[in-house]
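Let's have the full structure, built from the sequences with the hints guiding it.
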Amino acid sequence: MTRLAPIAGEWIDRSHAIDFEFEGRPYRGFAGDTITSALWASGVRVLGRSFKYHRPRGVLSLANHDVNALVADGRSLHLRADVTALAAGMRLSPVNVFGTLARDRAHLLDRFARFLPVGFYYKAFFKPKWMFPHWERAIRKLSGLGKLDFDAPRGRTPNRHAFCDVLVIGAGPSGMAAALGAGRAGARVILVDENARIGGSLSYARGTDARPRELLERMNLDIAACTGIRVMPATFAAGYYADRSFALVDQDKMVKVRARSVIVATGVMEQPAAFRHNDLPGVMLASAAQRLIHRYAVQPMQSAVVLTANTEGYVAALDLHAAGVQVNTIVDLRADAEESDAARAVSEQGIGIMRRSCIFEAIVTPDRFGVRAVTVCRLNTDDSPDSASRTEVPCDGVAMSVGFAPANGLLHQAGARMLFDEGIQQFVPNGLPAGVFAAGRVNGVYDLTTRLRDGERAAAQALEHLRMPWSAPDVPAPPAPRCPSFAYPIVEHPDGKNFVDFDEDLTVRDFARAAQEGFDSSELLKRYTTVGMGPSQGKHSNMNALRILARIRGRSIGDLGTTTARPFIHPVPLSHLAGRGFTPVRRTPLQCLHERAGAVFMQAGVWLRPEYYAREGKSKTEAVTEEVLAVRRAAGLIDVGTLGKIEVSGPDACELLERVYTGRFQNLKVGMTRYAVMLDEAGVITDDGVVARLGEQRFYFTTTTTGSASVYRELQRYIAQWRLDCGIVNLTGAMAAMNLAGPRSREILAKVSDMPLDNNAFPYLGAREGVIAGVVARVLRVGFVGELGFEIHLPAELAAHVWDTLLAADAAVTPFGVEAQRWLRLEKGHIIIGQDTDGLTTPLEAALEWVLKMDKPFFVGQRSVQAMRARPIKHKLIGFVFPPAYSGPSPKECHLVIREGEIAGRITSVAYSPTLKQIIGLAMVAPEMAAPGSLFKIRVDGGTMLEAEAVAAPFYDPRGERQRMSLAQLQARYRSQEVA
Amino acid sequence: MKLLPCPINGLRPISEFIYGGEYREMPNPDEASDTQWADYVFNRASLPGIKKEWWYHAPSGTWFIAERDVQADVVQRTYLLSEAPAA
Numbered sequence: 001m002t003r004l005a006p007i008a009g010e011w012i013d014r015s016h017a018i019d020f021e022f023e024g025r026p027y028r029g030f031a032g033d034t035i036t037s038a039l040w041a042s043g044v045r046v047l048g049r050s051f052k053y054h055r056p057r058g059v060l061s062l063a064n065h066d067v068n069a070l071v072a073d074g075r076s077l078h079l080r081a082d083v084t085a086l087a088a089g090m091r092l093s094p095v096n097v098f099g100t101l102a103r104d105r106a107h108l109l110d111r112f113a114r115f116l117p118v119g120f121y122y123k124a125f126f127k128p129k130w131m132f133p134h135w136e137r138a139i140r141k142l143s144g145l146g147k148l149d150f151d152a153p154r155g156r157t158p159n160r161h162a163f164c165d166v167l168v169i170g171a172g173p174s175g176m177a178a179a180l181g182a183g184r185a186g187a188r189v190i191l192v193d194e195n196a197r198i199g200g201s202l203s204y205a206r207g208t209d210a211r212p213r214e215l216l217e218r219m220n221l222d223i224a225a226c227t228g229i230r231v232m233p234a235t236f237a238a239g240y241y242a243d244r245s246f247a248l249v250d251q252d253k254m255v256k257v258r259a260r261s262v263i264v265a266t267g268v269m270e271q272p273a274a275f276r277h278n279d280l281p282g283v284m285l286a287s288a289a290q291r292l293i294h295r296y297a298v299q300p301m302q303s304a305v306v307l308t309a310n311t312e313g314y315v316a317a318l319d320l321h322a323a324g325v326q327v328n329t330i331v332d333l334r335a336d337a338e339e340s341d342a343a344r345a346v347s348e349q350g351i352g353i354m355r356r357s358c359i360f361e362a363i364v365t366p367d368r369f370g371v372r373a374v375t376v377c378r379l380n381t382d383d384s385p386d387s388a389s390r391t392e393v394p395c396d397g398v399a400m401s402v403g404f405a406p407a408n409g410l411l412h413q414a415g416a417r418m419l420f421d422e423g424i425q426q427f428v429p430n431g432l433p434a435g436v437f438a439a440g441r442v443n444g445v446y447d448l449t450t451r452l453r454d455g456e457r458a459a460a461q462a463l464e465h466l467r468m469p470w471s472a473p474d475v476p477a478p479p480a481p482r483c484p485s486f487a488y489p490i491v492e493h494p495d496g497k498n499f500v501d502f503d504e505d506l507t508v509r510d511f512a513r514a515a516q517e518g519f520d521s522s523e524l525l526k527r528y529t530t531v532g533m534g535p536s537q538g539k540h541s542n543m544n545a546l547r548i549l550a551r552i553r554g555r556s557i558g559d560l561g562t563t564t565a566r567p568f569i570h571p572v573p574l575s576h577l578a579g580r581g582f583t584p585v586r587r588t589p590l591q592c593l594h595e596r597a598g599a600v601f602m603q604a605g606v607w608l609r610p611e612y613y614a615r616e617g618k619s620k621t622e623a624v625t626e627e628v629l630a631v632r633r634a635a636g637l638i639d640v641g642t643l644g645k646i647e648v649s650g651p652d653a654c655e656l657l658e659r660v661y662t663g664r665f666q667n668l669k670v671g672m673t674r675y676a677v678m679l680d681e682a683g684v685i686t687d688d689g690v691v692a693r694l695g696e697q698r699f700y701f702t703t704t705t706t707g708s709a710s711v712y713r714e715l716q717r718y719i720a721q722w723r724l725d726c727g728i729v730n731l732t733g734a735m736a737a738m739n740l741a742g743p744r745s746r747e748i749l750a751k752v753s754d755m756p757l758d759n760n761a762f763p764y765l766g767a768r769e770g771v772i773a774g775v776v777a778r779v780l781r782v783g784f785v786g787e788l789g790f791e792i793h794l795p796a797e798l799a800a801h802v803w804d805t806l807l808a809a810d811a812a813v814t815p816f817g818v819e820a821q822r823w824l825r826l827e828k829g830h831i832i833i834g835q836d837t838d839g840l841t842t843p844l845e846a847a848l849e850w851v852l853k854m855d856k857p858f859f860v861g862q863r864s865v866q867a868m869r870a871r872p873i874k875h876k877l878i879g880f881v882f883p884p885a886y887s888g889p890s891p892k893e894c895h896l897v898i899r900e901g902e903i904a905g906r907i908t909s910v911a912y913s914p915t916l917k918q919i920i921g922l923a924m925v926a927p928e929m930a931a932p933g934s935l936f937k938i939r940v941d942g943g944t945m946l947e948a949e950a951v952a953a954p955f956y957d958p959r960g961e962r963q964r965m966s967l968a969q970l971q972a973r974y975r976s977q978e979v980a
Numbered sequence: 001m002k003l004l005p006c007p008i009n010g011l012r013p014i015s016e017f018i019y020g021g022e023y024r025e026m027p028n029p030d031e032a033s034d035t036q037w038a039d040y041v042f043n044r045a046s047l048p049g050i051k052k053e054w055w056y057h058a059p060s061g062t063w064f065i066a067e068r069d070v071q072a073d074v075v076q077r078t079y080l081l082s083e084a085p086a087a
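Chains as they are written, first to last, in this note's numbering: chain C, 1 to 980; chain Z, 1 to 87.
By construction, these hints were calculated from the structure, which means they are not laboratory data.
Possibly wrong hints are sitting among the right ones.
[Claimed, not checked] Covered stretches of chain Z (chain C as the covering partner; in silico rule of three or more C-beta atoms under 8 angstroms from a C-beta of chain C):
1) 27-39
2) 55-66
3) 73-84
[Said to hold, decoys possible] Here are the computed lysine-lysine pairs in the DSS-like style, where the Cα-Cα straight-line distance is at most 30 angstroms:
4) 2/Z <-> 52/Z
5) 876/C <-> 856/C
6) 2/Z <-> 256/C
7) 853/C <-> 876/C
8) 876/C <-> 917/C
9) 253/C <-> 2/Z
[To be verified] Rough simulated footprint, nothing fancy, chain Z against chain C, three-plus residues with beta-carbon under 8 angstroms:
10) 238-252
11) 714-725
12) 856-865
In this text, a Cβ means the ideal position worked out from N, Cα and C, and glycines have one as well.
Structure below.
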């Protein structure tokens with residue numbers, strides 16, 4: 001056990017023990033532990049195996065900047081043990097292991113490392129080609145991390161929204177100071193930090209200085225007392241999006257924040273040094289060791305060597321010493337002596353310092369799972385190791401503090417420009433977008449007091465941006481700058497294994513090799529070596545890779561530039577992103593009546609419509625056939641409330657219709673309707689409907705079910721564009737509509753209405769207002785299904801009553817669905833826009849030339865139709881039939897028409913007509929195939945060719961007598977000549 | 001999420017808006033040649049710069065014009081077509 005005596009400010013709760021399993025063995029930790037801290041406290045040193053060579057790995061950053069410790073708990077695949085809170089009953093296993101961590105059968109890959117250089121995959125596995133599937137299987141098996149459990153319980157992840165004046169990202173000293181500055185001035189502040197508690201480096205980087213702890217305690221109290229600050233710990237800002245919106249992610253959910261301004265105080269990420277065997281368990285970043293000590297009261301190692309090049313390393317040495325670690329020596333890469341309080345304290349403790357030296361290699365323990373010593377070399381003037389001057393220093397751990405990389409991903413995403421400051425060896429912001437500010441170490445400020453002032457400065461700027469009262473903070477002269485990052489913390493070794501990217505197992509040599517092969521720009525280097533492309537996305541590797549590349553090419557880091565940073569900062573679980581679907585479904589006011597009547601529903605655009613009404617013991621085809629025959633023989637009732645229903649009124653109402661529809665409306669009489677077709681500017685059919693003139697300046701018209709929203713929208717635009725004096729109302733939801741159709745429809749309607757319905761008072765294509773079943777309704781006498789019919793439009797809330805009344809009025813009234821309507825209109829040869837036409841079909845091709853009033857001054861699409869008329873058409877919509885005796889398979893919609901082996905068209909509609917007792921359909925074919933009587937071939941499922949005969953549509957009642965007829969005429973005909 | 005100022009409803013999230021394409025002046029159909037007309041119907045200049053675009057605020061049914069720098073994706077001003085400011 002390496003748990004220390006209680007440490008002031010520790011995050012663990014010693015009164016609350018937590019039992020869990022790792023690799024099947026029981027362990028105990030405390031509430032507040034992460035998985036890694038609990039394992040390390042229990043003496044476990046190998047937490048994972050590396051991705052490529054399966055090398056044993058332990059703690060590196062303990063800050064989610066590496067993925068050495070990836071574990072699965074049966075439900076989640078890739079828990080990052082370093083930052084995942086320990087929970088009772090966890091049963092954890094490592095993910096990249098064949099066997100156990102101690103006996104990983106894939107560890108032999110490490111021995112073959114020199115045969116698996118960078119770029120190996122690209123070069124080795126592409127030939128011979130027939131071998132590739134074999135390699136692919138093998139590589140997939142090796143490279144998969146974790147095993148999916150398809151039985152894992154599913155749950156919904158909520159999405160929330162939040163708004164604030166100032167979003168402060170990162171709650172270290174500068175972030176906390178910024179939040180207090182803005183909060184105290186009255187701004188609504190959200191302060192987020194990815195750690196379980198706020199405080200940043202104040203919570204772990206202490207040395208012998210009491211100030212960080214006192215400061216943290218005081219600022220914690222101040223923030224709690226400031227009502228305007230909302231603190232969100234254990235939450236990371238995953239991405240920056242347009243106009244300062246952010247995705248904040250925690251374990252359970254995503255919060256989308258809209259911030260009026262943002263202060264990025266995300267700090268820095270400590271970077272490893274590269275030397276041979278720098279990846280052994282026990283070799284870790286100094287900040288990781290400090291986190292283990294101060295947050296979790298865990299002794300990181302027993303006997304340490306501290307490798308450093310900055311003040312932070314001396315502070316870490318003091319922290320280790322205070323935690324009872326034997327600090328054998330400090331190895332300082334720099335030539336100049338460290339001048340700081342920490343350095344003086346180190347001397348007082350009697351810790352030796354080896355200046356201008358590096359760790360040449362870490363020496364492996366006999367079990368290969370740890371460090372037993374390091375070899376230290378003097379550094380030459382060019383930063384290369386003087387391998388003749390080797391000294392061996394025993395230790396069981398190394399703390400590395402050689403430099404930092406700014407956590408500036410969000411700033412990059414926000415569009416900030418960066419400049420490489422050679423003095424501090426760091427990219428710093430140089431030009432930020434409006435409302436975006438940076439503070440603290442990400443801004444290149446390292447001294448503690450200066451970081452606090454920098455936070456206050458950023459808060460003042462944010463307040464100024466928000467036009468809130470602000471006062472310029474008192475900014476004292478900063479102390480003499482010091483360089484926290486060593487320019488080249490990379491030590492070459494003839495035997496390699498000096499790791500730069502721990503995710504991808506990349507060593508120093510891999511970069512030299514990539515550059516030799518010509519991949520020597522930062523973007524190419526990244527892609528060839530895959531540096532930074534692992535799960536930690538370069539957080540611990542990109543900076544060192546850039547330093548190596550700069551040195552290889554003899555250029556400055558600022559010249560090379562960094563690769564692009566994109567969301568997300570850390571991976572976000574797919575469950576957080578999936579959220580809920582917001583696909584609206586519209587239902588007509590008659591929905592529950594349809595359900596009660598056994599309707600089977602289908603989707604039509606955003607609407608749900610009855611496809612047909614199921615009948616006991618009958619197939620779908622039989623049910624639809626009965627509905628069709630009921631309409632042809634007596635009467636049917638269909639819900640057409642999904643049609644777009646629009647009313648336009650005003651002096652220019654008629655002018656609007658004249659311009660947007662191809663037909664003429666000036667001469668449409670009040671009380672009459674007219675079929676109308678709409679084109680786009682290219683002359684393509686976009687919509688159709690029926691226009692009814694209710695008054696001189698008032699029209700009511702329908703659109704297709706799918707077109708209602710877009711037609712309404714386009715008409716609004718035309719009114720604005722042409723500055724027409726008319727108003728337009730979308731009644732699609734407010735009005736219901738139903739169509740009573742069939743030879744007996746007039747007689748049945750007369751039972752529930754005293755409207756005059758005879759052919760003179762209410763002629764074909766008439767529009768009347770009347771009372772039906774006590775409800776004032778608009779009635780249009782139209783015939784989409786080819787029978788005498790009345791389309792009844794009425795307020796939605798009264799529709800159910802009228803529907804029920806009509807059904808009760810006569811036992812012959814049969815409700816019918818969309819499928820029956822499709823068959824009925826097909827018998828009539830009426831087209832459906834969007835089914836029989838597509839995104840290129842013109843009226844010339846769809847046999848709709850009769851609706852084009854080319855002598856009008858203007859309509860949308862007219863000029864294009866004019867141009868097209870001068871050219872031959874490419875397709876023609878025709879009717880076709882199969883012989884009545886035909887009994888084979890039926891073609892389906894979208895089956896292809898084939899001529900001499902080539903595609904020459906397609907079927908757009910097809911059905912077996914119960915009325916005509918043969919297969920009928922519409923097809924879009926080459927114009928030369930359109931002559932009635934000619935035969936053409938259709939290729940159906942399975943490749944069989946069928947022969948169809950082109951005919952002139954309509955198939956049924958070509959002269960349209962049935963929908964025009966008076967009752968007496970119709971009854972006479974019906975009796976003498978029974979249909980079907 | 002991006003914000004867009006609707007001339008009637010103020011600053012609203014982009015999800016409330018529908019893009020209506022570039023605002024273009026229609027040539028006189030009676031005078032334009034087939035080639036000129038086809039150019040108007042089918043061709044769009046996707047060059048960087050400031051463009052006049054149609055935008056629709058769906059909840060309120062408002063069509064308006066946005067002058068947008070399409071390279072920087074910055075909307076410079078929005079107005080109703082009938083209230084177009086002097087260029």
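Each hint, compared with the structure:
no.: 1; hint: 27-39; in the structure: holds (count 5)
no.: 2; hint: 55-66; in the structure: holds (count 4)
no.: 3; hint: 73-84; in the structure: holds (count 4)
no.: 4; hint: 2/Z <-> 52/Z; in the structure: holds (18 angstroms)
no.: 5; hint: 876/C <-> 856/C; in the structure: holds (25 angstroms)
no.: 6; hint: 2/Z <-> 256/C; in the structure: holds (13 angstroms)
no.: 7; hint: 853/C <-> 876/C; in the structure: holds (20 angstroms)
no.: 8; hint: 876/C <-> 917/C; in the structure: holds (25 angstroms)
no.: 9; hint: 253/C <-> 2/Z; in the structure: holds (22 angstroms)
no.: 10; hint: 238-252; in the structure: holds (count 4)
no.: 11; hint: 714-725; in the structure: holds (count 5)
no.: 12; hint: 856-865; in the structure: holds (count 4)
Comparing the model with each earlier hint shows no violations; every hint is respected.
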